[in-house]
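S.K.: Per full-length UniProt numbering, the very first residue in the sequence shown carries number 1; after that it's consecutive.
To be clear, the hints were calculated from the coordinates, so they are not data collected in a lab.
Be aware that one or more of the hints could be misleading.
Said to hold, decoys possible - With a Cα cut of at most 25 Å, we get these calculated SDA-like pairs of lysine to any residue:
#	residue 1	residue 2
1	LYS180	ASN135
2	LYS212	THR168
3	LYS118	LYS37
4	LYS118	SER75
5	LYS37	MET79
6	LYS118	SER142
7	LYS178	GLN192
8	LYS178	ASN135
9	LYS178	GLU136
10	LYS211	GLY191
11	LYS186	ASN201
12	LYS180	SER142
13	LYS118	MET79
14	LYS37	SER94
15	LYS186	GLN148
It should be emphasised that the depicted structure is a prediction, and the values quoted were computed from it without experimental measurement.
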Amino acid sequence: MRDFKLLKTRNIYLDAIVANDYVFVDGRSLPHNHRQKTYPNGTLVIEDLQRSRDGGQYHCVAENNRSRTARRDVSLNIMAPPVVEPFSFASALSEGKRATVTCVVSSGDLPIRISWMKDGQPLPDDLRGSISTVNEFTSTLSFSSVSQIHNGNYTCIASNPVASRNHTATMIVKVPPKWKTEPSDKSVVMGQPVMFDCQANGYPDPVIRWKKSTGKFF
């Protein structure tokens, strides 16, 4: 017996070579409603699948002119897709704070697998994130101390045998300016040019300005 797992509201196409008939589990020949169509090549099409009406076992019966019969059984399991509830990070995250989000799959048929990604890729090890499985439909992503490298889009992906759904939240960590290249004192020959290198990191990107002791900015 072959098993088919299908998403609710989708269509299914079943093929049976040299089939004369498709019979449902209750013994009725198909088609017996407007959503079912059979074709001379043995294909059965069921449109707009409904769990209560279409799920179950189907039997394909093939006959030839020698009165010989072959039968193949298939099982049709119609499943609901996962639904991921929206989540978000705290809006006022600063460097060194903790951050946690919880992904809850509020509906959808089991089994459900939950995974996390950052910016469309698996979570990098240097983020030191902790993933906790609360139950088979809830997962928590935590960071004990966030910094600028944690900025980005985090996606929770919930999958079952018929569908995959996701939700994405953006983490923004505000980081004060830090020296990347700190300017230093210089002694130069009069009349020659001089260059001071001054670079800083932070988030948002810091704006660097110079001023002389007179107090005026360049």
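S.K.: If a hint holds in the structure, say so; if it doesn't, say that too.
M.R.: Results for each hint:
1. LYS180 - ASN135: violated (44 Å)
2. LYS212 - THR168: Violated, at about 47 Å.
3. LYS118 - LYS37: Answer violated: LYS118 to LYS37 is near 45 Å, above 25 Å.
4. LYS118 - SER75: violated (38 Å)
5. LYS37 - MET79: holds (22 Å)
6. LYS118 - SER142: At roughly 13 Å apart (the allowed maximum being 25 Å), SER142 and LYS118 satisfy the hint.
7. LYS178 - GLN192: Distance of about 30 Å is beyond 25 Å: violated.
8. LYS178 - ASN135: Violated - the C-alpha atoms of ASN135 and LYS178 are around 41 Å apart, more than 25 Å.
9. LYS178 - GLU136: Violated, because 43 Å separates the two Cα atoms, which is more than 25 Å.
10. LYS211 - GLY191: holds (21 Å)
11. LYS186 - ASN201: holds (23 Å)
12. LYS180 - SER142: violated (29 Å)
13. LYS118 - MET79: violated (29 Å)
14. LYS37 - SER94: violated (60 Å)
15. LYS186 - GLN148: violated (32 Å)
Hint check: violations occur at hints 1, 2, 3, 4, 7, 8, 9, 12, 13, 14, 15; the rest are consistent with the structure.
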